[in-house]
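Q: Listed here are the chains, written in short residue letters.
Protein chains: 2
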Amino acid sequence: MRNLHVANPGQDRSHASGTNGTSDQKRILVGLGDAELDTFFPAGLPGDDERLCWKVLDTKHLDDDSWVEALREFEPEILLSGWSTPKLTEEIIDSPWFKVKYCCHLTGSVRNTLPARAFEKGMLVTNWGRLASTPVAEHALLLTLACLRRLPSWKTVMKLPLDEFIKERADLHTRTLIGKRVGLHGFGFVAREIVRLLKPFEVEISSYSAGVPTEFFREHDVEPADSIEELFANNEVIIECEALTPETQGSVGAELLDLLQPKSVFVNVGRGAVVDEDALVKRIQRGDIRVGLDVYSEEPLPLDSQLHSLKDVLLSPHIAGPTEDVRPRCGLFALENISRYLRDEPLKSQVDLVAYLRST
Amino acid sequence: MRNLHVANPGQDRSHASGTNGTSDQKRILVGLGDAELDTFFPAGLPGDDERLCWKVLDTKHLDDDSWVEALREFEPEILLSGWSTPKLTEEIIDSPWFKVKYCCHLTGSVRNTLPARAFEKGMLVTNWGRLASTPVAEHALLLTLACLRRLPSWKTVMKLPLDEFIKERADLHTRTLIGKRVGLHGFGFVAREIVRLLKPFEVEISSYSAGVPTEFFREHDVEPADSIEELFANNEVIIECEALTPETQGSVGAELLDLLQPKSVFVNVGRGAVVDEDALVKRIQRGDIRVGLDVYSEEPLPLDSQLHSLKDVLLSPHIAGPTEDVRPRCGLFALENISRYLRDEPLKSQVDLVAYLRST
Numbered sequence: 002m003r004n005l006h007v008a009n010p011g012q013d014r015s016h017a018s019g020t021n022g023t024s025d026q027k028r029i030l031v032g033l034g035d036a037e038l039d040t041f042f043p044a045g046l047p048g049d050d051e052r053l054c055w056k057v058l059d060t061k062h063l064d065d066d067s068w069v070e071a072l073r074e075f076e077p078e079i080l081l082s083g084w085s086t087p088k089l090t091e092e093i094i095d096s097p098w099f100k101v102k103y104c105c106h107l108t109g110s111v112r113n114t115l116p117a118r119a120f121e122k123g124m125l126v127t128n129w130g131r132l133a134s135t136p137v138a139e140h141a142l143l144l145t146l147a148c149l150r151r152l153p154s155w156k157t158v159m160k161l162p163l164d165e166f167i168k169e170r171a172d173l174h175t176r177t178l179i180g181k182r183v184g185l186h187g188f189g190f191v192a193r194e195i196v197r198l199l200k201p202f203e204v205e206i207s208s209y210s211a212g213v214p215t216e217f218f219r220e221h222d223v224e225p226a227d228s229i230e231e232l233f234a235n236n237e238v239i240i241e242c243e244a245l246t247p248e249t250q251g252s253v254g255a256e257l258l259d260l261l262q263p264k265s266v267f268v269n270v271g272r273g274a275v276v277d278e279d280a281l282v283k284r285i286q287r288g289d290i291r292v293g294l295d296v297y298s299e300e301p302l303p304l305d306s307q308l309h310s311l312k313d314v315l316l317s318p319h320i321a322g323p324t325e326d327v328r329p330r331c332g333l334f335a336l337e338n339i340s341r342y343l344r345d346e347p348l349k350s351q352v353d354l355v356a357y358l359r360s361t
Numbered sequence: 002m003r004n005l006h007v008a009n010p011g012q013d014r015s016h017a018s019g020t021n022g023t024s025d026q027k028r029i030l031v032g033l034g035d036a037e038l039d040t041f042f043p044a045g046l047p048g049d050d051e052r053l054c055w056k057v058l059d060t061k062h063l064d065d066d067s068w069v070e071a072l073r074e075f076e077p078e079i080l081l082s083g084w085s086t087p088k089l090t091e092e093i094i095d096s097p098w099f100k101v102k103y104c105c106h107l108t109g110s111v112r113n114t115l116p117a118r119a120f121e122k123g124m125l126v127t128n129w130g131r132l133a134s135t136p137v138a139e140h141a142l143l144l145t146l147a148c149l150r151r152l153p154s155w156k157t158v159m160k161l162p163l164d165e166f167i168k169e170r171a172d173l174h175t176r177t178l179i180g181k182r183v184g185l186h187g188f189g190f191v192a193r194e195i196v197r198l199l200k201p202f203e204v205e206i207s208s209y210s211a212g213v214p215t216e217f218f219r220e221h222d223v224e225p226a227d228s229i230e231e232l233f234a235n236n237e238v239i240i241e242c243e244a245l246t247p248e249t250q251g252s253v254g255a256e257l258l259d260l261l262q263p264k265s266v267f268v269n270v271g272r273g274a275v276v277d278e279d280a281l282v283k284r285i286q287r288g289d290i291r292v293g294l295d296v297y298s299e300e301p302l303p304l305d306s307q308l309h310s311l312k313d314v315l316l317s318p319h320i321a322g323p324t325e326d327v328r329p330r331c332g333l334f335a336l337e338n339i340s341r342y343l344r345d346e347p348l349k350s351q352v353d354l355v356a357y358l359r360s361t
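Chains A and B supply the protein sequences, listed in that same order. Going by my numbering, the first sequence opens with residue 2, and the numbers climb by one from there. Going by my numbering, the second sequence opens with residue 2, and the numbers climb by one from there.
Derived by calculation from the structure, the hints in this document are not laboratory data. This structure is a prediction, so every number in the text was calculated from the model and none was measured. Any given hint could be a false lead.
Just so you know, same-sequence chains aren't split out, so a pair can sit in one copy or run between any two.
Claimed, not checked - Below, simulated DSS-like cross-link-like pairs (lysine-lysine); rule was C-alpha separation at most 30 Å, straight line:
(1) K122 <-> K156
(2) K100 <-> K283
(3) K312 <-> K122
(4) K88 <-> K168
(5) K264 <-> K200
(6) K160 <-> K61
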């Protein structure tokens, strides 16, 4: 366990205040690993001031007992959490000494950090919000454009002798995104960012996501599809960005995939397990669709998966989320939210129970 | 030489009207190959009507003499031209029997179709205009996003065992386009379409193109760079879309390429010969830049070019122009322009001498 007083770049993070602060100060506990601290806070965390007393736990060598002990001893009102933060169990949350009122989560889903019970007890929770969904939407656009232009075949075509080059280049049957019909399976933050990035392409966007009210789609200039079957049958590009729930798991199976139009594009930047991967492999083997995947049923994708060697498939190693250069922005965003909390101002990118339950 | 009366799909194009039409009709000569006719006019060309008499020449087996003979015999007022149309030489244009007043060019540059003299003699010329520049801009966006996310390394990373996968994925140092500084070398139609497609990415765009007035950049919300050196030094993404002229040929050389920032992206969707390719290879070999190319000094890129095997280079086989599915739109656009000409209405995407001389 390490304490932190002032953590400027290059400075030893183990400087400890050694105290629980003054009675005027609120206490914030940081449960992050070195890699998270370095990439999200390249300029270091702010030091203690009259409002706030900081303690940093290095999550790398943190066991469950030390975690509980730190929470109990330091009695933080604010928790700054991330991918590596140990879970706040229901038992911890229900303990009389537990004082956390605000969980400022650096990254996306808090399902590995908090139980649903945290919301019932009124804990405030924020995450990286739109800062994360825009890069995912950007990656969906990249995979879509790459599939339309047959990127997986470029390398082969580039190395052909002249006569074959001309023939095979014509056989790429490249397509543009301009004016296409695009279907979004899922209508969360990522889908809405995709809608925003696609504006200049003058596409017709429809979407299906069980339980989302019709008016909500229309507010975002998106046509609600009557059914997921209609979505798959009527669009030239399908982007998968639905949340993983017991209902959606494996929901994109053989019957839906058979509805895809010839030359259409299927992209998944959501959760691999929403798609029946065996059915997808079989559909790709039948040919005439173009597929871009960032997520898989099992990650990393097993080396013996047939997906590695299929034609017209572009695979990325689950990198749709915030790119490396976005992390410092997420760090600053979290610090801004902490300042807002201290000033009693409304927080940005607040996560409620509904969002928690729908999160991927 | 083939004549055409009505060319519906599947119909024999050799149906000939056998006449030069009536005195009320204007005459239009089509000089295109089968592949152009099939992809630009999948529903066929319209037939003769009270306003227009058509004649179609198959350019596949057309020699210079037959070309001149057809122009002289048919005396067209309108020429529908494309990639495969033989050139109208100065000699043809200056002949007393030459009557073409409007050249409706299906595709882009007319430099292989018309001499500059055509403009001096007042010929009206149109081409595919924005229909072509949008797909090129789209391809520039694809190459840019692919370079930022290190697409050329994905395949290798995907096939690594777990521990190496995690390390190498982190080493991708992926970047987003959101909020980046983007520099455009060139400020023609393609550059302006890039500006339009990049709107939702909230980038800062600057541009350099010799001779373009400062106000013209500003009208498009683009910051004029004071020099090409400033452009290359101050941006994180450089997109090359400058016209090829004696002044620009080889103008992007070692000194400019040395100004590129670490991790920056260099994309070329303009003309290969604007860049000194040997200097580019040397700059790439020094590392820490990411390069996406669609055009080369010599095309197709020679098989022994070092570009084929360099790390962090993505090569596409000169496919930035209109994708296959855009061609029917270009065909309809040309027919619309012909109708406009017949009704004495202003033409769309008119090409003047300045645009002709600047065209790539």
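Q: Does the structure break any of the earlier hints, and which numbers would those be?
A: Checked against the structure, the hints that fail are numbers 1, 2, 3, while the rest are satisfied.
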